[in-house]
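K.L.:
All the letters of the sequence shown, read from the start, carry residue numbers 0 to 52 under numbering that gives the first Met the number 0.
No lab work stands behind these hints, which were simulated from the structure alone. All values reported here derive from a predicted model rather than from experimental measurement. Be careful, since some hints might not be right.
[Unchecked claim] Each pair of labels, with its calculated beta carbon distance range:
#1 Leu41 with His11: 52 to 62 Å
#2 Arg50 with Val10: 40 to 50 Å
#3 Ala42 with Ala8: 35 to 45 Å
#4 Val32 with Ala8: 24 to 34 Å
#5 Glu38 with Ala16: 39 to 49 Å
#6 Glu21 with Ala46: 30 to 40 Å
#7 Thr4 with Glu38: 19 to 29 Å
#8 Tyr49 with His5: 23 to 33 Å
#9 Arg50 with Ala16: 42 to 52 Å
#10 Ala46 with Val10: 23 to 33 Å
#11 Val10 with Gly52: 18 to 28 Å
#12 Val10 with Leu44: 35 to 45 Å
Don't be surprised by glycine CBs; every beta carbon is placed ideally from N, CA and C.
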Amino acid sequence: MHGGTHLYAPVHFHEPAMSTDELPLDSQVASAVVIDVAEQLLAVLMASGYRLG
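Using the sequences and the hints given, assemble the complete structure.
P.N.:
So, in structure tokens, the structure goes:
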């Protein structure tokens, strides 16, 4: 998976290989973790002179 937003089918890299419609769905589902760095990012942006708005 690429960035959790889309995937490249194995056939994209190597033929013969599976296309996306041939991949087992359960191989594409996993647990996720959310890491909230909003406050840290805001602090870095403000310290660098970045203006919001």
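K.L.:
Confirm or reject each hint.
P.N.:
Hint-by-hint comparison with the structure:
Range check, Leu41 to His11: Cβ separation about 38 Å, and the 52 to 62 Å hint is violated. Taking 40 to 50 Å as the suggested C-beta distance range, the pair Arg50 and Val10 conforms, at roughly 47 Å. Checked against the hint of 35 to 45 Å, the C-beta distance between Ala42 and Ala8 comes to roughly 41 Å, which is consistent with it. At about 26 Å, the beta-carbon gap between Val32 and Ala8 stays in the expected band of 24 to 34 Å.
Between Glu38 and Ala16, the C-beta spacing of about 43 Å keeps the proposed range 39 to 49 Å intact. In this structure the supplied range 30 to 40 Å is violated for Glu21 paired with Ala46, their Cβ-Cβ distance being about 49 Å. At roughly 24 Å, the beta-carbon separation of Thr4 and Glu38 lies within the given 19 to 29 Å, and the hint holds. Taking 23 to 33 Å as the suggested C-beta distance range, the pair Tyr49 and His5 conforms, at roughly 29 Å.
Between Arg50 and Ala16 the beta carbons are some 49 Å apart, a value that agrees with the proposed interval 42 to 52 Å. Checked against the hint of 23 to 33 Å, the pair Ala46 and Val10 fails, with Cβ atoms roughly 47 Å apart. Between Val10 and Gly52 the CB atoms are about 46 Å apart, so this pair departs from the stated range of 18 to 28 Å. Between Val10 and Leu44 the beta carbon distance is about 41 Å. The supplied range of 35 to 45 Å therefore holds.
When the structure is compared with the earlier hints, violations turn up for hints 1, 6, 10, 11 and for no others.
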